[in-house]
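**Q** Chain by chain, the residues:
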Amino acid sequence: MAHLVMFYGRECPHCKKMLPLIDTLEKETPVRFERLEVWHDEKNADLMRSYREAIAPKCGHQLRVPTFLNADTRDAMCGEVEFDKLKDWALQQG
Amino acid sequence: MKKRYWRCFVCNDVHYGIAPPELCPTCKVLHAYVEITAEEARKILGGGPETTMATEDFRASIERFTVGNEFQVNPAADKVSLLLTGIFENEKNHGFKFCPCRLRTKDWEEDLKLICPCNFPIHETYKGVKDGECWCGLFVRRK
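Chains as they are written, first to last, in my numbering: chain A, 1 to 94; chain B, 1 to 143.
The following block holds chain A by itself, in its conformation from the complex (with noise of 0.2 Å):
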């Protein structure tokens, strides 16, 4: 199964609405995240920065939160989406 980073933030208004999200789809489907807060955990920070390549040019050309990365593809989606939305790009990862 891919690893699924969800990089987000503690006062971030779209990260506390897609967090309940993620509780849903990782109890409706085998899909599971690795949720990582960044504004107060440098060690996270870093490990989001290391992936700047690939979010960036999905984001607005900047690391946004939420972001949600698969680690092994670096495929990666940013923002606050429909619950629909966010369930097919994680079924879509394998």
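It is worth saying that the hints were derived from the structure and are not from the lab. None of the values given here were measured: they were computed from a predicted structure. A hint or two may mislead.
[Said to hold, decoys possible] Here are the simulated DSSO-like pairs of lysine-lysine, each with C-alpha atoms no more than 30 Å apart in a straight line:
| hint | chain 1 | residue 1 | chain 2 | residue 2 |
| --- | --- | --- | --- | --- |
| 1 | B | K143 | A | K17 |
| 2 | A | K58 | B | K130 |
| 3 | A | K27 | A | K16 |
Position chain B against the provided structure of chain A, taking the given hints into account.
**A** Relative to the frame of chain A, chain B by itself:
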């Protein structure tokens, strides 16, 4: 063009930019600016009085900033409250009021673009978007 430092010879206002202001915004004297070094600028600013800004002061400041602009502070109070908490956490932990919905790159010039308010009217989440907002949602297009 590279930005430089300028000092008003009348009132010691300091300006950082590619050119000095024609009119000093403080003392209203024309053609009053002379170039100084970064070190001189830091000494002048560093010797000034300490100021503080609580969350509510910043909120009032951004409300004033939006007056006359086509955007406003998001009416969703809970969202604004969470964002202001993040902005002040970031200032405490990282030195500037960085946007809580993006991440510092550790590149000085790049990271200056993340200080709130950022230049969001050029971003794809706002520019040409009917219900546009800045990436974090602190500012939204005025209805």
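**Q** When the structure is checked against the list of hints, which entries are broken? Sort them ascending.
**A** No hint contradicted; all consistent.
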